[in-house]
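Each residue of the sequence shown is one higher than the one before, starting from 118 at the first, in the working numbering.
A few of these clues could be false.
[To be verified] In the EDC-like style, the derived pairs of lysine to aspartate or glutamate whose C-alpha atoms are separated by at most 16 Å in a straight line are: (1) LYS317 / ASP245; (2) LYS270 / ASP245; (3) LYS203 / GLU162.
[Said to hold, decoys possible] Restraint-style ranges between C-beta atoms, simulated for each label pair: (4) ASP161 / THR295: 21 to 29 Å; (5) ARG286 / ARG147: 19 to 27 Å; (6) GLY275 / ARG172: 29 to 37 Å; (7) GLN332 / GLU205: 27 to 35 Å; (8) ASP129 / GLN332: 40 to 48 Å; (9) ASN343 / ILE139: 41 to 49 Å.
What the hints contain is simulated information worked out from the structure, not anything from laboratory work. From the three backbone atoms N, C-alpha and C, an ideal C-beta is built for every residue, glycine too.
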Amino acid sequence: AYLNWLFGERSDPETPIGYVFIYFYGLERRILIDSTEHGTVDDDEFIAIFDELNRLRQIFEEHYAFFNYSTRLIEMMVYLRPYVLKFEYSDISTRYDSLLFKYYLAKQVQAEQPITSELALLWIQCTDEYNLRTPARRCAEEFAILFSEIYLKETKGGLVVKPNKTKLRLDYYPASGTLRGFQLDPIDLPDPSILKAPIKKLANIADQCTDALEQYSRYLGRKGTNKEDIEAILLLPNTLENIS
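Using the sequences and the hints given, assemble the complete structure.
See below:
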């Protein structure tokens, strides 16, 4: 049954997830061991595996464990070969602890550059120090736009965070038991993701956005409503009226 699935289209979402994981273990080994230690994975195969993982993640996104493992491997691939893969901040998943977010944030802080609005939004989404309320989740697009606007205004172009002494550790926990113990080389970067003070500032901005979207969110929470309704548009903050 596994071989039949493997040599088919591998697109049936009803496939027992155990078969998908067996397949995933092989892809994981190609990336973590063969590409890093043996150098036997060229860029074309690397990209093909990246595309296959993204395809599988969409098909089996309801399987929480597989979604997390595949997302983490995708992020590891971007970290290992950023020059061959197309990846945006918006592609980073906030459903789990993102190693790419921590890496990008650390690089920006180390360079003493202002934190971009995209990274600031990811920070408040990824941290376990703050929980997004219903309006932020239900109206994610509007929340992101409003957050960026208020953040850039209140921080005068972006928050500047001083590099802290705690060093960044990017831990990867393989799905395959045969790969346990895999470790990345040490990284000489700070780990600002653990800092409390920036989170407090970002949380205050997130609260402002949430409050501004409260009535709009309540309306959309009613049965039979949508964003195109005149009533919905009238409840939007003035700065967001043009997005509908």
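Structure-based check of each hint:
{"no.": "1", "hint": "LYS317 / ASP245", "verdict": "12 Å, holds"}
{"no.": "2", "hint": "LYS270 / ASP245", "verdict": "25 Å, violated"}
{"no.": "3", "hint": "LYS203 / GLU162", "verdict": "15 Å, holds"}
{"no.": "4", "hint": "ASP161 / THR295: 21 to 29 Å", "verdict": "26 Å, holds"}
{"no.": "5", "hint": "ARG286 / ARG147: 19 to 27 Å", "verdict": "24 Å, holds"}
{"no.": "6", "hint": "GLY275 / ARG172: 29 to 37 Å", "verdict": "35 Å, holds"}
{"no.": "7", "hint": "GLN332 / GLU205: 27 to 35 Å", "verdict": "31 Å, holds"}
{"no.": "8", "hint": "ASP129 / GLN332: 40 to 48 Å", "verdict": "43 Å, holds"}
{"no.": "9", "hint": "ASN343 / ILE139: 41 to 49 Å", "verdict": "42 Å, holds"}
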